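Peer 1: Chain order of the listed sequences is A and B.
The opening position of the first sequence corresponds to residue 1 in our numbering, with each subsequent residue numbered one higher.
The opening position of the second sequence corresponds to residue 1001 in our numbering, with each subsequent residue numbered one higher.
Hints were generated in silico from the structure; no laboratory data involved.
Just so it is clear, the structure is predicted and the values come from calculations on it, not from any experiment.
In this text, a Cβ means the ideal position worked out from N, Cα and C, and glycines have one as well.
Do not rely on the hints blindly, as some may be mistaken.
Result set (BS3-like, lysine-lysine): computed pairs, CA atoms no more than 25 angstroms apart in a straight line [as the list claims (entries may be wrong)]:
#1 B:Lys1210 <-> A:Lys114
#2 A:Lys210 <-> B:Lys1116
#3 B:Lys1193 <-> A:Lys236
#4 A:Lys20 <-> A:Lys42
#5 A:Lys193 <-> B:Lys1239
#6 A:Lys56 <-> A:Lys99
#7 B:Lys1116 <-> A:Lys236
#8 B:Lys1193 <-> A:Lys158
#9 A:Lys221 <-> B:Lys1236
#10 A:Lys229 <-> A:Lys217
#11 A:Lys239 <-> A:Lys217
#12 B:Lys1021 <-> B:Lys1036
Label pairs and their calculated CB-CB ranges [as the list claims (entries may be wrong)]:
#13 A:Tyr17 <-> B:Pro1235: 41 to 51 angstroms
#14 A:Tyr17 <-> B:Gly1023: 19 to 29 angstroms
#15 A:Gly23 <-> B:Asp1190: 26 to 36 angstroms
#16 B:Lys1242 <-> A:Lys210: 26 to 36 angstroms
Protein chains: 2
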Amino acid sequence: MNIILAGTGNVGINLAYALKKRGHSIIQFAGRSNNKPEIIKKFRIDYTCRLPEIKKNTDLIIIAVNDDNIPSVADQIPDFGSVTVVHTSGSVEMNVLSKFRSHGVLYPLQSFSKEKIIPFKKIPLCIEANNKNALRKIQDLSDQLSDNVHLISSDERKILHLAAVFACNFTNHMYAISEEILLKNGLPPDLLKPLINHTAARLDQMPARKAQTGPAKRNDKKIIEKHLKLLSYSPKLQKIYKTLSDNIQQDKQ
Amino acid sequence: MNIILAGTGNVGINLAYALKKRGHSIIQFAGRSNNKPEIIKKFRIDYTCRLPEIKKNTDLIIIAVNDDNIPSVADQIPDFGSVTVVHTSGSVEMNVLSKFRSHGVLYPLQSFSKEKIIPFKKIPLCIEANNKNALRKIQDLSDQLSDNVHLISSDERKILHLAAVFACNFTNHMYAISEEILLKNGLPPDLLKPLINHTAARLDQMPARKAQTGPAKRNDKKIIEKHLKLLSYSPKLQKIYKTLSDNIQQDKQ
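For reference, chain A alone in the conformation it holds in the complex (with noise of 0.2 angstroms):
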């Protein structure tokens, strides 16, 4: 396939690779800055800031910027019918991009960046399109990325944002809280670590509602009220400790 990619950030580099190792040509970078990135150069591919003047030979069309500029760099490409056009967001509506006649949505659900090149293979790609067409030319490329290729309509995109804050935002706040905590009482935080690991890495095995274990799983009031006693320095953090466990409890089966 020929492809454009607009956006030379960490998703446009990373899919970038990925789409040159199955065979693809990328015929054309476009970016804001007048010359080309340094970044970009590696590719010897060539280069453009004029959006509206991009090529008009290319099967696909890949706008991979951040989410409050999709609608503007949709704005400035033309669209010439018969060339698909997708963005590569987790939150944004594919319908932003409907002045395009044949449109659609591959969004690799992984956090990339430019320093740390890593293969599509295990990446789940959640995939959406306006007609079959465009869904065949998406599916057939994201295919070749990928074996972990899902087709996920816009609403459904939206939970897996909300499921994503919990599973990975809100973990890493969980992280950062620990952290905190050993820092504060002259403890390494690298000895969390294997435990941190394990935690993660044990999904593979079951899910995470019958993984679920500690003081407030096991009803260990005595704990339970230790601990609260060792953070009264902060009531935010028992007003947390108190709610997750809590939560916790109602779980229990």
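Based on the hints, put chain B in the right spot on chain A.
Peer 2: Just chain B now, with coordinates in the frame of chain A:
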């Protein structure tokens, strides 16, 4: 070293494998059941269920039983004077063993199962002892088992346990909530695994506080409102979402 292991559970069996691997002699297992448990038979080692009659010619007795049973097990073991007695618990104070002239703690900070014996090399071992000789004995042994040995007091172990509740128990509860949200909407929980693993692995690169992302971190009120609306079926989940988002926002630098 000649070692007696009191306890045939997950910790005991994993310790037995690790000790044997480093060339130590486990001269006896002690357990509750009258008959030698199946899992012990593999070791071809003497077994007893009568603690008061355990062998005397040993350097170390390791009590690896449930927290609640440590006092009664300790009660039944005679004090041989030069024999050091340790327990392996994260939340029980060392002085529960104070009847032994030489006593301490050897707490491996990891979850174990009999089904999957894991290597000790990277496991943090938290040790404590009531005198220099006991400490030297426990430290020498621990250094042979792991590269990750820490001198941790009983008070520090309490803090460690509290931090682990946040980093592991509460984290697992976040996974459970996200599973519930996905399943309720007919989406496969596996979708989030790559992101979950990424969130845990990122701790090797930066402190969790620095790695924080998500709507609360970037103060994205529109998304937060949308998420609370999606959770309107569960006031409990709304409360958790709000409590944690508020705390992340207060953490903002």
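Peer 1: Each hint needs a verdict: does it hold in this structure or not?
Peer 2: So, going through the hints one by one against the coordinates:
no.: 1; hint: B:Lys1210 <-> A:Lys114; in the structure: holds, 18 angstroms
no.: 2; hint: A:Lys210 <-> B:Lys1116; in the structure: holds, 18 angstroms
no.: 3; hint: B:Lys1193 <-> A:Lys236; in the structure: violated, 29 angstroms
no.: 4; hint: A:Lys20 <-> A:Lys42; in the structure: holds, 12 angstroms
no.: 5; hint: A:Lys193 <-> B:Lys1239; in the structure: violated, 28 angstroms
no.: 6; hint: A:Lys56 <-> A:Lys99; in the structure: holds, 16 angstroms
no.: 7; hint: B:Lys1116 <-> A:Lys236; in the structure: violated, 38 angstroms
no.: 8; hint: B:Lys1193 <-> A:Lys158; in the structure: holds, 17 angstroms
no.: 9; hint: A:Lys221 <-> B:Lys1236; in the structure: holds, 21 angstroms
no.: 10; hint: A:Lys229 <-> A:Lys217; in the structure: holds, 19 angstroms
no.: 11; hint: A:Lys239 <-> A:Lys217; in the structure: holds, 18 angstroms
no.: 12; hint: B:Lys1021 <-> B:Lys1036; in the structure: holds, 22 angstroms
no.: 13; hint: A:Tyr17 <-> B:Pro1235: 41 to 51 angstroms; in the structure: holds, 45 angstroms
no.: 14; hint: A:Tyr17 <-> B:Gly1023: 19 to 29 angstroms; in the structure: violated, 48 angstroms
no.: 15; hint: A:Gly23 <-> B:Asp1190: 26 to 36 angstroms; in the structure: holds, 28 angstroms
no.: 16; hint: B:Lys1242 <-> A:Lys210: 26 to 36 angstroms; in the structure: holds, 27 angstroms
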